[in-house]
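Please take these sequences and the hints and turn them into a complete structure.
First residue of the sequence shown: 0, per numbering that gives the first Met the number 0; consecutive thereafter.
If you're looking for bench data, these hints aren't it; they were derived computationally from the structure.
Predicted, not measured: the structure shown is a model, and the values here were computed from it.
Among the clues, some could well be false.
Cβ-Cβ distance ranges computed for the label pairs, FRET-style [unchecked claim]: (1) I155 to L13: 16 to 26 Å; (2) S73 to Q142: 33 to 43 Å; (3) R108 to D70: 16 to 26 Å; (4) D70 to C106: 38 to 48 Å; (5) D70 to H184: 16 to 26 Å; (6) R108 to Q24: 13 to 23 Å; (7) E147 to A43: 52 to 62 Å.
Result set (DSS-like, lysine-lysine): computed pairs, CA atoms no more than 30 Å apart in a straight line [as the list claims (entries may be wrong)]: (8) K170 to K131; (9) K55 to K131; (10) K170 to K61; (11) K8 to K164; (12) K58 to K125; (13) K47 to K58; (14) K164 to K111; (15) K58 to K138; (16) K58 to K111; (17) K61 to K28; (18) K47 to K61; (19) K61 to K8; (20) K111 to K125; (21) K111 to K138; (22) K58 to K131; (23) K144 to K111; (24) K164 to K176; (25) K170 to K144; (26) K125 to K170; (27) K58 to K28; (28) K47 to K125.
All C-beta atoms in this analysis are idealised placements derived from N, C-alpha and C, irrespective of residue type, glycine included.
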Amino acid sequence: MNLIDQNQKLPAGLVDNGVEFFIHQNEIKCIHNGMTYTFENIPAHIIKIVEADMLKNPKALKALVDWDITDYRSQIRQYIFCRFGGFDQNADITADGLIIHSEYIECGRRGKCPYEGRLCASIQLKNGILSKRDIDVLKLIGQAKTDEDICAELFIALGTLRYHKDQIAYKAGIAGKPALAILAHQLNLV
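Written as structure tokens, this is what we have:
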């Protein structure tokens, strides 16, 4: 019997020592060592890794205080939500204890949150960070919109769209609109 699936990619923490945070029914949870934990029960060593990461991000800490989130547990909860709350195929914390900042969380406040980019992480690609407009363009490409539809929806000229597509492709190290659409799905933008 052949039980090997060559293409299967399991979420971090399901069968390894990595950690994947996610939001389910308005509650922060994580998968680690095959177990699902609610926020209140997240193992202390994971919280310590998050705390250490918070201390490396003074802009995020200031954003929490500016937002009037001053209770220690509430700060950790909001930090996890804004930085790691999207469920994806990449570990938020690797099995080696390294934090990975790569997620885009569509929290409903994007574009109008005064703490955007300070508390939540920007999308870092191989050759650069995606701008807000890059993300807007990439989302629509991922939805299989035509260039004309993207321009109309974002109120931009075709030349401006080409510029953003070129920038995204350069930052990701890829070429072509199909590759951009795949990237949008890989980043959970659609």
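- Structure versus earlier hints - violations, ascending order: Failing hints, ascending: 1, 4, 5 and 19.
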